[in-house]
Structures are given as C-alpha cells and as structure tokens.
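Going down the list, the protein sequences come from chains A and B.
With numbering that gives the first Met the number 0 applied, the first sequence covers 0 to 420.
With numbering that gives the first Met the number 0 applied, the second sequence covers 0 to 420.
All clues stand as given, with none of them false.
Reference excerpt, derived from the structure (chain B facing chain A, CB under 8 Å, subset only):
{"id": "1", "residue": "68"}
{"id": "2", "residue": "73"}
{"id": "3", "residue": "294"}
{"id": "4", "residue": "299"}
{"id": "5", "residue": "303"}
{"id": "6", "residue": "395"}
{"id": "7", "residue": "397"}
Just so you know, these hints were derived from the structure itself, not from any lab.
All C-beta atoms, glycine included, are put in the ideal place defined by N, C-alpha and C.
2 protein chains.
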Amino acid sequence: MRQGNLLYAQSGGVTAVINATACAVIQACRRKKVGVYAARNGIIGALREELFDLSNLDSAAIAALRHTPGGAFGSCRFKLKSQETDRAHYERLIAVLRAHDIRHFLYNGGNDSADTSLKIAQIARTLGYPLNVIGVPKTVDNDLPVTDSCPGFGSVAKYTAVSVVEASLDVASMHESSTKVFVMEVMGRHAGWIAAAAGLAGKRADEAPHVILFPEITFDEAAFLAKVKATVERVGWCTVVVSEGVKTAAGKFLAEAGTTDAFGHTQLGGVGPMIAQLVKNKLGYKFHWAVPDYLQRSARHVASKVDAEQAYAVGKAAVEYALAGKNGVMPVIRRVSTTPFKWNLVPTPLTKIANVEKKLPRNFISADGFGITPAARRYLEPLIRGEDAPPYDKISGLPKYVRPKLKLAKKKLAAYPLAEK
Amino acid sequence: MRQGNLLYAQSGGVTAVINATACAVIQACRRKKVGVYAARNGIIGALREELFDLSNLDSAAIAALRHTPGGAFGSCRFKLKSQETDRAHYERLIAVLRAHDIRHFLYNGGNDSADTSLKIAQIARTLGYPLNVIGVPKTVDNDLPVTDSCPGFGSVAKYTAVSVVEASLDVASMHESSTKVFVMEVMGRHAGWIAAAAGLAGKRADEAPHVILFPEITFDEAAFLAKVKATVERVGWCTVVVSEGVKTAAGKFLAEAGTTDAFGHTQLGGVGPMIAQLVKNKLGYKFHWAVPDYLQRSARHVASKVDAEQAYAVGKAAVEYALAGKNGVMPVIRRVSTTPFKWNLVPTPLTKIANVEKKLPRNFISADGFGITPAARRYLEPLIRGEDAPPYDKISGLPKYVRPKLKLAKKKLAAYPLAEK
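The whole structure should be built from the sequences, with the hints applied where relevant.
Quick look at the structure:
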C-alpha cells in the first residue's frame, strides 16, 4: 500500500490537552515525511472537504500547540448514524479521502468517535478503499473502557481538586459570620470521575470536600441534608461537590436545561445552584455556589503533567500504528504500576471501546455514598501529578497560547451541502 | 510610649494573597522583636478575646502563608456601627487590647474596615489608651480610593483574564455545531474592575470577550442582544462577561430583579445564567454559562506576581508605620510609572479612604459600553504581570498550602457574649 497522506480530526468536547495530541500527530508525520491534514471542525469539515493543509505550518506554532487548550482545528458534535441511514455521508467521506490521497485517518474523541471510526473503517473496506483508521482517546469524562484513563481527564481532575482546596480555604476563613455551605458543580454527565477527583482535595478527616454527589448514586435528599447539617455542626462549614449528572430515584437528571445537543444528549447545568437553594430552604444556611463549566476543561494553566504527557503520547502512537498498517484500533493507556506510577500504550480494537461507558466502580465510592475510598485515591492521584505550566508573556501576563494561521487545501470535489446545526 | 504588642486582624471577603500580607506582618514583627497576635475571625475574635498567639508559630509555616490563599486566622463580615450605637463593643475592644498590652492594631480590609479602623483610633484617644491603628488595604473589588490598586485584585484579574482566554478557545473550537454564546459571571457588586480585567483577554478585533456588562453601565437589553447577534453572525460565536453588579434602569440588580418568574416561583442562579437564558430565549443560540464565584478570589495557583508582591509590601509597611508611631493611616500603592511599571507605598490618612468607593472611570469603558479602552488596558495590564506559582507536592499533585497550627492566648478578661450571625 502506498503511504499516502494522513488526516487528523477532533471530535466532541475539547480538553486542555487535546492540542498536545494534535502537536504529536503533526510532529510525528513530519518526522516520517507523511503529508498531514486536519479537518476543520471535525468530521463536518471532512464531509465539506474543508481540510487544513498543515504542510507549511510554522514549526514554532506546532510546538506551541503542546501547551494550548481548546481544539486548534475546531471540533464538533455531529454523530454519523448507521451506514444505512447516513450512507451518503460515508460515501462522501471516502470520496474526500480519495481525492486527497489520504490513507490514514486519526479520529480524536470519546466513545461516539470510536463508533464512528469503526464505521468508517468498515465502509472503506466495503468500497475497496485502502485506509487505516485509528481512534485516539480524548475525553474529560474519563469514561472510555479498557484504557486506564483518558487524556484530558487528568487536567480537569487537577483543576477540580485545586479549586476545591482553594475555595474551601476561603469558606473556612469566612464561615463564622458568612457562608456556611459552598456548592461546586462539576462536569460528568453519566460518570462521576470528575466528581471523584474533587475528593483528592481532602485527605484527613473533616477536610473538604465533605460531601460529593455522584451520578452513580441516586440522590437521597434526606441523607444529603443530614450529612450537610452534621458537617456544619461539627466543622463549622461544609463544601459540597455535585456532578451535573446526579439523578433522582426515577432516573431523571436533577437539573435539565431543556435543550439537547446534536448527539441527542440532554444539555445539563444548574444542579449546583439547585442544591445550594435546597440547603438554604431546608437548613437555612447561608450559601455560595460555583459552576466552572468550560473553565474546568480548558484550564491548561493548571494542567497535569502526566495528562499532558499521555495526550502527546497517544498522538505519536496513533501515527505509528497507522503507518505500520494497523486499522480499527486505539492506543490505550495501560497502567503498569501505581507506585511508582508507570504506564505504556497498547493498541486495542475499537470494537472493545465503541459505545461502552466506564462508570465509577462502586468500590471507589465510600459506603455512605458521599465520598471516595482509598482505592479511588490510589487510582486518581497519579493522574494529577506534576505541573506543566504554559509559558507566559512578560508584558500581557497571559499564557502564550497559539492560534495557528491555517490554510485550507484547495477543494477537488463539488460542494457537499450539510445542514447548519 | 512602650513598644507593646501588635494585633493583626483580617476583615471581609478574603483573597488569594491576603495571607501574603499576614506573612509580611508576622515576619516584620519578628525582625523588630515585637509580640504579634492575630484575631480569630477578624474583629469578632478581638471582641471575644480570641487572640492567636503567634510567638511560637513555626517559621516555615509563616513563610508558607506567603503562597496560601484564604484567611489563615479567619475573617468576618461584622461591621461596628457608630460609637453611640456600639459603644460597648468599642470599650470592650480597648479592654482586650489593654489586657494584652497591644499598642498596635493592623486591620486588613476594604472601605468598611478603614472606617472601623478610624473609629477604633478615635475611641482609643477618647479613653486615653495609646494605640497606633493602621489600615492595611485588601479587596478583590479594587474599589478603594487613593491607592493605585488593592492587593487581591491583581490575582483575581489574572484568573479572570486567563479563564476567559481558555474558555473562549474552547467555545471557538465547538461553535460550528454546539455552543454559540458563552456567558461568564464575575464578582464586583458595585464596581466593574474585575469585569474590566476580563477585557485583557482579547486585544485584537473580534477576540473574546466580545461583550462585557459593567455595573457602571445601565443594562440595555436591546443593545446587548443586538451586539451578541452581530458578534455571532460575524465571528461565529460570542463570549459575554457579566458583572454580578449589573443593574436595570431602575437601579435594581439584574439578578434580584429577576428572582421570581411570572408564577411567583423563585428563580435559581445568578445573573450569569439569567443573561444566558435571555440570549437563548430571544436569539435562540445554544449557550453555556460559568460562575466561578469563590474560585476566582481564592485562585492562588494563578496569582499575579505583582499582586503577591504588593500584598507582602503593604503588610511590611504597616508594621513599620505602626512602630514609627503613625496612627490612622494606610499604606497605599502609588504608581510611579506605567512603562516600566514602578510603584511605591505612601502613608495616607484613613479619613480619605473610609467609606469611599472607587468605580470604574467612564473613560475606561468603550463608547458603546461593552468593552474596555486602551486607557483601561494601560492601567490593568501591569497588575496581572508575572507568575508566582505555589510549590506543589510531588505525590498529591496539589499546591503545598499551609493551615498553621494556631494557639489561642490565655484569656485575661471575663467572657463577652456576641450574638451568633
């Protein structure tokens, strides 16, 4: 098979370190003398034949992607349906790849993207187009199976733990005459990994966070209020971390913004203020609440070094896998040892990953359902280890993030209209 | 006058760097061989005779306060009223100071604390008790007059600008098929300094934030929506920063004006979610919102170096002023030059500072009311310059913040019951 070119695309919610993966992909392609393109706004750009030609991209800009958050080429929430339903999309995709002699397709995303990658590999086979499809892991939700962790998660975990430590020092200072209960809402629609990471903030008895509400544990109002009350009476104040995915006994999200994204996921938000108001109404305590939202998943300034390294490593490995002729696999992180923390990468079939969600195991959650166990701590702690601060500009005082000057490759096919979302 | 001891107390909302001031006070007292106490939970502790005796505090713990957020000794929201109304409190305070031979009182806070400091100086004179009262500036709101800036502000300003840069890179990546409008709520009930600092995130045309809503500018719904719409149509997406203090034409807080819906149900959340919902309802754009709340004012991990240095300097100067016999003054920051940025400290009578609020000047706000001017940028930029990361623990991956082991001095007076808040 001819070497051909490589196309890299980002998918789904971006992270603080997804561009480190992009950086690795581009640098590896340059070393191997492989032409490299990036799809504009993920799979949407691939369908529209909007491909950034990265061959003339400045090396310094590529290197700076290593420490720049967000998705440099744009990402999207756009899920390809079955081959029957979306046959035209799949055929178009192969036509675009063929037109630009792309023989390697790297799709950087979560469970949905692994599923899409599989389908693309399948259609290429059906159409007799030689293509190596590699899934590249990424998701702050940390809910991919098989892999020890997902690039992007370690950094949001570190941001969350550091923020809980800091805000709780604030509340501790003020509780005598002001805020008694502080509620922080974190991401994690179906799995409580980020909520669990908040638990790293406190190690000794009565250290914050005092209460964590996980999506894996049905919300029990009476037990929650009793725990908050007991904490305030004993400690003087209480920090609560609540996952956006907390559900009622009926299996409904506690808070729903009423909108759904393109994947059909309900858009969540607002469970933090809701829980704070509940505490005020039922217990009368003065409260504050925080919802860091996108700040948590884009906080490259407080990224985990381990996470940034893993994000880079999976990008490099993905190129190597593709060039070695692997197809339908993902480089997943295997934990070799926890103390000292050692890991390596293993190619794993996407069939084992697509559409499977890894929830927080019950033995990571304390018996009362409101905290993490030593097992959770052992798993999580290495993932937030080490700092990897971006360089800062001496005059502006801001991180030197890059927005590379990108150039679209000349189109070779007719336009392919795609409905605006 | 005998040298006597020194009492330091923290007041009002704490900051990322108020402990740097505390560190400076303690270190200066030790160098000068002055006994030093800290009031527990601010003025409340002074009234209750709850004084931490810092004479045996470990030097390493004191040094670590330099990089630890929150108020190590506790702060409070408790305002002493006039001498007539609260005469008993004032007399009690002097009795406590006398009992512990305290001849120097340092009160670390904002406008209210400057006012309290003045009243304490006055009552001491009336009662013939020799006392040097020094106000020490602190407030994230940056609303003290005379001083160029307030310790605590530079760090929240840096946090805010960095967060807007990072979250906006995220939104830029996703806007094609997901969030079009991102709203971030910032602190600043009466003055728009923090909101203005968000403006540092973008310098070139169409860089985020695209819209800032200041407390100094009456909210104009039609103009706001038109600006958001035009931005989304031109740029593809829009970042909005809204100050918690934004008001309606009737002078009401927007957040309060909308606390009930048409059915009289209490609405959850602050002005951030409210503005986001308004955009959704009127323009139909998909939105996300963030309310960092306490995270912003406690984010020591991304503190401004200039801010941390100024916070230390005012603490050191306050001790020097007191020991030199100054009374009723505050060390204020004087900007000597902007380029290069140079500053020094000048003792200023508290009468010029108490109860005066410094709002954002109109010439710092752009003509359309939605952005900052070059004059604002020139003023703000030096304040977020430089990084001063705390040390991190290699195993836990968390900053090495300290919670010093504090010991209360033996009480010498009868108990003084103070109503719980």
